[in-house]
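Visitor: Protein sequence lines correspond, in order, to chains X and B. Under my numbering, the residue at position 247 of the first sequence is numbered 247, and the numbers go up by one with no gaps. Under my numbering, the residue at position 123 of the second sequence is numbered 123, and the numbers go up by one with no gaps.
Since the hints were derived computationally from the structure, they do not count as laboratory data. The structure displayed is predicted, hence computed values, not measured ones. Fair warning: there could be bad hints in the mix.
It does not matter which identical chain is used: a pair holds within one copy or between any two.
With a straight-line Cα cutoff of 25 Å, these simulated PhoX-like cross-link-like pairs (lysine-lysine) come out [claimed, not checked]: (1) Lys267 / Lys253; (2) Lys228 / Lys117; (3) Lys141 / Lys113; (4) Lys113 / Lys355; (5) Lys141 / Lys107; (6) Lys228 / Lys113; (7) Lys215 / Lys116; (8) Lys315 / Lys32; (9) Lys228 / Lys116; (10) Lys116 / Lys94; (11) Lys215 / Lys113; (12) Lys32 / Lys311; (13) Lys94 / Lys187; (14) Lys360 / Lys311; (15) Lys292 / Lys355; (16) Lys315 / Lys94.
Listed below are the residues making up each chain.
Protein chains: 2
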Amino acid sequence: MAENRIFNFNAGPAVLPLPVLEEIQASFLNFKGSGMSITEVSHRSVWFDDVINDAVARTKRLLGLDDKFHVLFLQGGASMQFAMVPMNFLPEGKSADYVNTGTWSTKAIKEAKILKKAHRVAATSEDRNFAYIPKNIPFDKDAVYVHLTSNNTIKGTQWAEFPDTGGVPIVADMSSDIMSRPLDVEKFGVIYAGAQKNIGPAGVCMVIVRDDMLKTIPDNLPSMLNYKTFTESNSMYNTPPCFSIYTIQLVMKWLEETVGGLAAMEKINQEKAGLLYDFMDSTDFYNATADKDSRSLMNVTFRLPSEDLEKLLIKEATAAGMGGLKGHRSVGGCRASIYNAMPVEGVQTLVDFMKAFEKKNG
Amino acid sequence: MAENRIFNFNAGPAVLPLPVLEEIQASFLNFKGSGMSITEVSHRSVWFDDVINDAVARTKRLLGLDDKFHVLFLQGGASMQFAMVPMNFLPEGKSADYVNTGTWSTKAIKEAKILKKAHRVAATSEDRNFAYIPKNIPFDKDAVYVHLTSNNTIKGTQWAEFPDTGGVPIVADMSSDIMSRPLDVEKFGVIYAGAQKNIGPAGVCMVIVRDDMLKTIPDNLPSMLNYKTFTESNSMYNTPPCFSIYTIQLVMKWLEETVGGLAAMEKINQEKAGLLYDFMDSTDFYNATADKDSRSLMNVTFRLPSEDLEKLLIKEATAAGMGGLKGHRSVGGCRASIYNAMPVEGVQTLVDFMKAFEKKNG
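Next comes chain X alone, as it looks inside the complex (with noise of 0.2 Å):
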């Protein structure tokens, strides 16, 4: 690859497609003849206004969301949404309800707990180790929302479709598969995404609020933790992450212009995670731990006959150019992210190393 550049299958921060880090290379000392810096470009400046409007612009296209979404850019990553949801979107009162898929679901449910909002757990597949997603969840149709995680990036399950909750807004966590394929928007109230797996660098987390979602805010709420502050800025009421903004935003033209949009993406990722998880079906030396009907199309996880072969198959591939098969340290064994920047040969390559793998240690 270009300057010995490797196959990066790290969970994230994850693998950006390259003409993007080609571009921000190329003017990162003259930014579209400002004589600036993306980096030093006030957030107050035609400059940097073209960024952040194209960027929400091409966010919504994308998604196919009307003018009833606001498209935000936060900053605390996925981790400060879990707690301002319940903060804004739960009143005195009132109730939500939970899906408990694995880690991230956990800590979201953690944080409502201690604001002391009433919530349920409405399903949970901790019972098996968090293997697959639940079906059939009998949600309270008087909630205020529904809150799941829609990949599971240290579990490697994902909601295939996302349930019927009989009209209660679903509020995703979709920090690891935003983008990787196309949504039924109108299901959902708020949806969010630490941006550091399939859209750009860790710093920014996009936020998409559907405006009915606002009425119930409470007024006593610190600025910065509420969704009006920044609705009412074009999430500028303070100084943005503007460079990881400007990411995103080349990352939402590499999606439309060079990838073709979201059904296309979601055609290529389906693509990829078929070569991997079809060739593992093939044999009984490579195990992947979720049930099938939950897998994940973006993290591909994994076990080996042994922890030593697991420690030698991720040493082997480092060798050989392939980064980030560890585990998460929680779970142990083996994964492959494969976001969308991960090219289809990336995988093929990792496939034909762990044939040759299997043949040697099988």
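Go by the hints and put chain B onto chain X.
Guide: For chain B alone, kept in the frame of chain X given last:
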């Protein structure tokens, strides 16, 4: 200048040292032989550990901080600190003192008010549109902290010396003058600074917390709003803003190795501000807006005989390669922000331009 770069007098985001930008650019596709961009490297990797640990170590050396101080990198800018400070450090039954020296102090006070935290404005310079820093302030000896803004970007004032608070720890917003001069750190309980003026790009806030301040933090705060979450995780409870922290690391390296530390930096800053103020004091055409003993070395605010002349100066300066000279929209006039990274040559070029402008229009 290289690559047709301008002299950037913006108040923030602001100019960064050119060698820092060049180093980022050169390694942008392959950071330290990792085969990944700094924007793609895992925050749980040796590469990023080296970055954040070096940024902390250099910050401590530059400011002379011993081990009772924690150096953190948080998100949300100084505006988030306006809320986090009283949430963490202002317990029920106690009060804090605030000094109001302008727009940013006012905002900090507003957040304490929203949170219904007991506080007192110990002094304000609002009576003369914040053109000076108050003296002989009657501080409350029982206050848990004294909050002040060390440099006021909009009003062009700066604390030349920090006040005697009778042992009450100072909590200082140093967003616009951190690292511009040596500090007597023993006076401070907390120092925070949005990076985008003197130490890096937007998207990260440096927070320095003295260990004993952590004792009174309540247990019921959301994880992302509790400083202990970050002191216990080296700022990596969740994915930190990696790129912005990396840039801070390089700026700290530049300060230590190229500039030669904060005493040397202060001398250069005095020289730059001296060039501008001495020239303006020699003519009636330009009028610095701040009282002489309260003048900022970072943001030089000034007026011309008419608004039309101000507009003309800004326009002609822009055409001559000097950007960002417009005063903040709330006060008008002109402002030259001459942070650490602005070279003496840039200020001299501006002074020469202002002299010629006066000759033509005076």
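Visitor: Determine for every hint whether it applies to the structure shown.
Guide: Against the structure, the hints come out as follows:
Only within a single protomer do Lys267 and Lys253 lie at most 25 Å apart by alpha-carbon distance; the minimum there is 18 Å, versus 46 Å between protomers. In this homomeric assembly, Lys228 and Lys117 come within 25 Å of each other (Cα to Cα) both inside a single copy, at 20 Å, and across copies, at 22 Å. In the homo-oligomer, the alpha carbons of Lys141 and Lys113 lie at most 25 Å apart inside one protomer (21 Å), although the nearest pairing across protomers, at 37 Å, exceeds that limit. When the C-alpha separation of Lys113 and Lys355 is checked against a cutoff of 25 Å, the pair qualifies neither within a copy, at 46 Å, nor between copies, at 63 Å.
Proximity of Lys141 to Lys107 under the C-alpha cut-off of 25 Å is restricted to the intra-copy arrangement: shortest distance 24 Å within a copy versus 41 Å between copies. For a Cα distance limit of 25 Å, the shortest separation of Lys228 from Lys113 qualifies both inside one copy, at 23 Å, and across copies, at 18 Å. In this assembly of identical chains, the alpha carbons of Lys215 and Lys116 lie at most 25 Å apart whether taken from the same copy (21 Å) or from different copies (23 Å). Taking the closest pair of Cα atoms, Lys315 and Lys32 come within 25 Å of each other only across two copies (19 Å); inside a single copy the shortest separation is 43 Å, beyond that limit.
For a Cα distance limit of 25 Å, the shortest separation of Lys228 from Lys116 qualifies both inside one copy, at 22 Å, and across copies, at 20 Å. Both within a single protomer and between protomers do Lys116 and Lys94 lie at most 25 Å apart by alpha-carbon distance, with minima of 12 Å and 24 Å respectively. In the homo-oligomer, the alpha carbons of Lys215 and Lys113 lie at most 25 Å apart both inside one protomer (23 Å) and across protomers (23 Å), since each shortest distance falls under that limit. Only between protomers do Lys32 and Lys311 lie at most 25 Å apart by alpha-carbon distance; the minimum there is 24 Å, versus 46 Å within a single protomer.
In this assembly of identical chains, the alpha carbons of Lys94 and Lys187 lie at most 25 Å apart only when taken from the same copy (20 Å versus 46 Å across copies). Proximity of Lys360 and Lys311 under a CA criterion of 25 Å is satisfied intra-copy only: 15 Å inside one chain copy versus 74 Å between copies. In this assembly of identical chains, Lys292 and Lys355 lie within 25 Å of each other by CA distance solely inside one copy; the values are 21 Å within and 75 Å between copies. In this assembly of identical chains, Lys315 and Lys94 lie within 25 Å of each other by CA distance neither inside one copy nor across copies; the values are 51 Å within and 56 Å between.
Hint check: violations occur at hints 4, 16; the rest are consistent with the structure.
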